[in-house]
Structure formats: C-alpha cells, structure tokens
Amino acid sequence: MAEKKINQPPLQVSPIIKLFRWTCLIYGVVHGFIQRREYSAIEKVIREKEERERPAREARLALQRKLSSEAELRELERMFLGTSSSEEQNESETLKSEERDEEERPILQVPDEEKSIKFAEPNEEEETMESEEC
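Using full-length UniProt numbering, you'd call the opening residue of the sequence shown number 1 and step up by one each time.
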C-alpha cells in the first residue's frame, strides 16, 4: 500500500510574532556591524603595537636561536669528538687554578679538645630545682 501524504495548509503566524522576528533579525545585524567596528579599531591598535615591537622581538629570537645552536654544537662536539670548546676549557682551567690555590693555603687544625664537646653532669641540687619549677 502506498502511503498518502497529508498536505496541510501553512499555519497563520501572528503579525506580532512576525514583527518581533524581523526586529530581532535587524537588531542582530546592526549589533554585529557595531561590534565589528569596535573590534576592528582594537585590532588595528594591537597590530600597530606589534609592528613597532617586531624588530626587537625578531632580534631577541635571533639571539636565542644563535645561543641555542651554539650550545647544541658544543654539546654535540663534546659527545662525538670527546673535546670541549674553548669556553669549557677556560672554565676548567679556572677551576683547576682555584683548586691549586686551595692546596697552597695552610689548613687550620682544630685541637682534639675542641672537637669533642663534653657536657657537664647535672648536680643533684640542679635536678631538684628543675623538678620543683615544673
């Protein structure tokens, strides 16, 4: 059996509801244009600020890239060649010279009496005084 489609006439919409729908549509369009204008002005200021700061930011990023690539090269050199760069050699030389300076300084020796600290035994009188205070 074939199903029959029931054709119903469109419902009548109240003119007040139509007016409300059209009012909301027009309000949304106007509101969108106003917001777009405000956001465009804000974005324009932000873009101008970014353009002013761009050279400094690019210079800072270039310096960071340069330093990181130099550090990576030093690390790779140390790992694969077993050598160190001149900076690391200078650091190791300064550490060695500091160690030599420490070896040359005389070491102060503390007498054995001062190393061991002896506490005096409390007297019976002191113990009784302490117990009375509690």
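No lab work stands behind these hints: they were computed from the structure. Yeah, the Cβ is synthetic: ideal placement off N, Cα and C, and Gly gets one too. Where hints are given, some of them may not hold.
To be verified - The following label-pair restraints were derived from C-beta to C-beta distances:
1) Pro-10 - Phe-33: 25 to 35 Å
2) Ala-71 - Tyr-39: 35 to 45 Å
3) Phe-20 - Ser-40: 28 to 38 Å
4) Leu-25 - Glu-50: 49 to 59 Å
5) Leu-19 - Glu-43: 55 to 65 Å
6) Lys-18 - Arg-54: 45 to 55 Å
7) Lys-49 - Met-79: 41 to 51 Å
Evaluation of the provided hints:
1. Pro-10 - Phe-33: 25 to 35 Å: Taking Cβ atoms as reference, Pro-10 and Phe-33 lie about 33 Å apart, which means the hint holds.
2. Ala-71 - Tyr-39: 35 to 45 Å: 42 Å, holds
3. Phe-20 - Ser-40: 28 to 38 Å: For Phe-20 and Ser-40 the Cβ distance comes to about 30 Å; the hint holds.
4. Leu-25 - Glu-50: 49 to 59 Å: At roughly 37 Å between Cβ atoms, Glu-50 and Leu-25 fall outside 49 to 59 Å, so the hint is violated.
5. Leu-19 - Glu-43: 55 to 65 Å: For Glu-43 against Leu-19, whose Cβ atoms are near 36 Å apart, the range 55 to 65 Å is violated.
6. Lys-18 - Arg-54: 45 to 55 Å: Since the Cβ atoms of Lys-18 and Arg-54 sit about 53 Å apart, the hinted range of 45 to 55 Å holds.
7. Lys-49 - Met-79: 41 to 51 Å: Given range 41 to 51 Å: holds, Cβ gap about 43 Å.
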